[in-house]
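Chains as they are written, first to last, in the working numbering: chain A, 253 to 639; chain B, 2 to 296.
These aren't lab readings, by the way, just hints derived from the structure by calculation.
Where a beta carbon is used, it is the ideal one built from N, C-alpha and C, also for glycine.
Wrong hints could be hidden among the right ones.
Pairs of lysine to aspartate or glutamate residues, derived as EDC-like cross-links and limited to a Cα-Cα distance of at most 20 Å, are as follows [said to hold, decoys possible]: (1) A:421 with A:480; (2) A:504 with B:269; (3) A:638 with A:448; (4) A:579 with A:541; (5) A:463 with B:138; (6) A:478 with B:138; (7) A:579 with A:553; (8) A:611 with B:138; (9) A:463 with B:269; (10) A:638 with A:480; (11) A:579 with A:316.
Far from chain B, by Cβ distances over 12 Å, these chain A residues were calculated [stated by the list, open to error]: (12) 298; (13) 369; (14) 448; (15) 449; (16) 459; (17) 520; (18) 553; (19) 624; (20) 626.
Pair ranges (Cβ atoms, derived) [said to hold, decoys possible]: (21) A:633 with B:278: 52 to 62 Å; (22) A:599 with B:143: 29 to 39 Å; (23) A:607 with B:5: 20 to 30 Å; (24) B:143 with A:527: 38 to 48 Å; (25) A:396 with B:94: 56 to 66 Å; (26) A:527 with B:5: 29 to 39 Å.
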Amino acid sequence: MSISHRRSFVIAAALATALALPSVPSAQGLPPGEYKIGFMTENTGPIASAGVSFWNGAQLAIDEVKSRAYMGKGTSIVLQTKESGSEAARSIQNMNQFIADRSILAVTCCILSPVVGSVKPVVLEAKMPLVIYGATAVGLPSPPWVYSMTILPGPKDIETGLTVASEIKAKTAAYILANDNEAFRNRLNDTRTALEAKGVRTAGVVNVLTKDTDFTAAATQAMGLKPDVIFIYATQSAAVGAVNSLRDRGFKQTIVGNDVLAPETVFKRMGQTAVGVPFPVSFSSALAESAEGKAFIAAYEARFKSTPDIYSAQGYQAIWFIAQGLKSISGTPTRASLAEALSKITSFEHNVYGGEIMKNGQAQTTGTLIVNWSPDGKLVRWTAPKN
Amino acid sequence: MSLFLEQLINGIALGSLYALFGLGFGLVFSTLGILNAAHGCYASWAAIAAFYFAQWFQLPFVAAVAVGIGAGGLLALLVDRIAFQPLRDRGHEMLGALITSIAFWIILDNLAGLATGQQSLTFPRGTYPNHLFRIGDIPVSAMQLITIVSMIVVTVGLHLLIARSRFGSAMRAVGWNPNAAALSGVDPARTMVVIAFLAGATSGFAGVLGGVMTANVSYSLGESLMLKGFAAVVVGGYNDVRGTALAGVALGILEVMTSQYLSSGLRDGITYALLLGFLLLRPRGLFGSAGYSRA
Chain A
253 MSISHRRSFV IAAALATALA LPSVPSAQGL PPGEYKIGFM TENTGPIASA GVSFWNGAQL
313 AIDEVKSRAY MGKGTSIVLQ TKESGSEAAR SIQNMNQFIA DRSILAVTCC ILSPVVGSVK
373 PVVLEAKMPL VIYGATAVGL PSPPWVYSMT ILPGPKDIET GLTVASEIKA KTAAYILAND
433 NEAFRNRLND TRTALEAKGV RTAGVVNVLT KDTDFTAAAT QAMGLKPDVI FIYATQSAAV
493 GAVNSLRDRG FKQTIVGNDV LAPETVFKRM GQTAVGVPFP VSFSSALAES AEGKAFIAAY
553 EARFKSTPDI YSAQGYQAIW FIAQGLKSIS GTPTRASLAE ALSKITSFEH NVYGGEIMKN
613 GQAQTTGTLI VNWSPDGKLV RWTAPKN
Chain B
2 MSLFLEQLIN GIALGSLYAL FGLGFGLVFS TLGILNAAHG CYASWAAIAA FYFAQWFQLP
62 FVAAVAVGIG AGGLLALLVD RIAFQPLRDR GHEMLGALIT SIAFWIILDN LAGLATGQQS
122 LTFPRGTYPN HLFRIGDIPV SAMQLITIVS MIVVTVGLHL LIARSRFGSA MRAVGWNPNA
182 AALSGVDPAR TMVVIAFLAG ATSGFAGVLG GVMTANVSYS LGESLMLKGF AAVVVGGYND
242 VRGTALAGVA LGILEVMTSQ YLSSGLRDGI TYALLLGFLL LRPRGLFGSA GYSRA
């Protein structure tokens, strides 16, 4: 090898080493910088009231992750937002745009299970990590690419149904169901099966549609079944409408709602009609006991001048989950390395529930809090009415 | 039997809302020739205005309703002047107006979402009559009675206005041919302004009553009334308010009874099958004149 060849080889080797250096995993964790996450907002459309809560919780988490240097000094998450209006077609379009932007490492989205169902094949095909923040159907997660930070209401519905039916000694139950929502259909069937196994006869199921606005006829139909208790499995607007109509028509027995009645805006909307209607919650700003939960509530109230609800908590936890995954990566993260990091998470370093685990890509909490609105608009633990 | 009667009253009350909304919608269609897709927004905005005025100024129910009616009328007037009058001046036909109205529908719907903070609002209890009367075993709410009576009063009033008054003759003349009407001494511009206001006010009335009755004041309020109101106009006949009123009530009853005795899943399907049937077999509707041209 001549001298000039040897010099060229040394220069080439030095250049190659210099170029290769940044991609060698650093033992010091995540390099400083901004890491982009796609966030599909649902701040317009039929469930925008919940969408705003998810979005607020996520924004708070973003700020905390940065200010606490949780992922390392000089690191932060930046959210790239696209509005879906809870529409499947717009969600798919947004997802394709997120996928096309190679700087986006993961996406978090979706309140409605059918919308998740439509974007899931897209992210699996493109190998884009997806963290669901709101959809409640069972079986949506698909690690290492798809995770759900929604605390599934199904098991809590069953426990609530059994507890309430036992406390009020119910012998018959009627159900008002938003029949065009598969998740609610499944939740109703699970609760109904559990109640029937305990001897609570089903008087009937009254079907309504999510987009309905008048529930007078449905309330009349349900009351005509003469049940001891009426369970409502419907989205927020429909559930509020059904409870209002039942009370307006003079139904005095127990009505059991679901977690959609938990946000503070529901009490503002329903007023005293909401009082005494039991429903399960995984998070309540009035009943949170953990230090992290209380800190979250205080920070949220200071920033948004309203109290956080379960949706805010889930939006918040979705970002913290992604941050925990990013934090565990050494070197420049990629979609694949983030997916792998997320798949290794089984417990949460930061959570507002006072206990949350990740099992097969699905976040879970233990215990069921059965609450109802008090006359002064506070969530309190439910106790059976004294006859 | 009492369940059937109770549901019958529920159906009449619900249908009265459809009818009331349809009266305004049909008025614009039969006289101005506009298939106005934004008409549902007048109902939404009327309810939103009534809600906020009731909250801010502690207005009694009647005053809040009056505010809503006024808001619906003014909004309709505004849209007519901005969107439809320029089209009329240029001689555009129905398609141009329909496309423009779709644009206004989207704009007004989005603004309504912003005005309500994307929430569904509810008139607080105590701000409207919520007494439950009992006729024998059958409970009837005060709002149901108010809605039914309002629909009857508005239908009779509009019918008398159109069929018996001098202004009604002017309305019909303008609807038939504005140029010919002008030649016979009618002021078409003034007549159109009044028609637009009346139509918006009538649908606004339906919006306020619907917002109270269904505990839903949001952009979706008008959307839900829009399709049913349109069906009432088609089934009842474009140029007869009595037909719209009867068809609206019939649709309400059909909807409630389908849910009660068949399935809620079939409810809208049956309504729209009826609509399709009328469009195919009797496009002038139940009460429409045989020679009427809009259909």
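How the hints compare with the structure:
Between residue 421 (chain A) and residue 480 (chain A), the direct Cα distance comes to roughly 9 Å. Compliance with the 20 Å bound is thereby established for this hinted pair. Taken as a hint, the residue 504 (chain A) and residue 269 (chain B) pair is broken in the structure, with Cα atoms around 31 Å apart against an allowance of 20 Å. For a cut-off of 20 Å, the pair hint linking residue 638 (chain A) to residue 448 (chain A) is broken: about 25 Å separates their Cα positions. For the suggested pair residue 579 (chain A) and residue 541 (chain A), the alpha carbons sit about 27 Å apart, so the restraint of at most 20 Å is broken.
Distance hint between residue 463 (chain A) and residue 138 (chain B) is unfulfilled; the C-alpha atoms sit about 31 Å from each other, more than 20 Å. As the CA atoms of residue 478 (chain A) and residue 138 (chain B) are separated by approximately 15 Å, the hinted pair is consistent with the 20 Å bound. Of the supplied pair hints, the one linking residue 579 (chain A) and residue 553 (chain A) is violated, its CA atoms being roughly 27 Å apart against a limit of 20 Å. With a CA separation close to 54 Å, the supplied pair residue 611 (chain A) and residue 138 (chain B) exceeds the 20 Å bound.
Straight-line distance between C-alpha atoms of residue 463 (chain A) and residue 269 (chain B) comes to about 11 Å, which keeps the hinted pair within the 20 Å bound. The straight-line distance between the Cα atoms of residue 638 (chain A) and residue 480 (chain A) is roughly 15 Å, inside the 20 Å bound, and the hint therefore holds. At most 20 Å may separate the alpha-carbon atoms for a hinted pair to count; residue 579 (chain A) and residue 316 (chain A) meet this at roughly 14 Å. Once the 12 Å rule is applied to beta carbons, residue 298 (chain A) is inconsistent with being away from chain B; the minimum gap is 7 Å.
Against chain B, the non-interface label of residue 369 (chain A) holds: every CB pair exceeds 12 Å, the least being about 20 Å. The claim that residue 448 (chain A) is not at the interface with chain B holds, since no C-beta of that chain comes within 12 Å of its own (minimum 22 Å). Remark: the non-interface label on residue 449 (chain A) is consistent with the geometry, its nearest Cβ contact in chain B lying 27 Å away (cut-off 12 Å). For residue 459 (chain A), the condition that its CB be more than 12 Å from all CB atoms of chain B is violated, with the nearest at approximately 4 Å.
A cut-off of 12 Å between C-beta atoms contradicts the statement that residue 520 (chain A) is not in contact with chain B; the least separation is 8 Å. Interface exclusion of residue 553 (chain A) from chain B stands, the closest Cβ pair being 18 Å apart, more than 12 Å. Even its closest Cβ contact with chain B, about 18 Å, leaves residue 624 (chain A) beyond 12 Å, as expected for a residue assigned away from the interface. The beta carbon of residue 626 (chain A) is kept farther than 12 Å from every beta carbon of chain B, the shortest such distance being approximately 17 Å.
Distance hint check: the CB atoms of residue 633 (chain A) and residue 278 (chain B) are about 55 Å apart, consistent with the given range 52 to 62 Å. Under the hint 29 to 39 Å, the C-beta atoms of residue 599 (chain A) and residue 143 (chain B), about 55 Å apart, miss the expected range. Taking the beta carbon of each, residue 607 (chain A) and residue 5 (chain B) are about 52 Å apart, not inside 20 to 30 Å as hinted. Distance hint check for residue 143 (chain B) and residue 527 (chain A): the Cβ-Cβ separation is about 22 Å, which falls outside the suggested range of 38 to 48 Å.
Restraint check, residue 396 (chain A) to residue 94 (chain B): a C-beta distance of roughly 59 Å satisfies the suggested window 56 to 66 Å. The hinted window of 29 to 39 Å between residue 527 (chain A) and residue 5 (chain B) holds, with their beta carbons roughly 32 Å apart.
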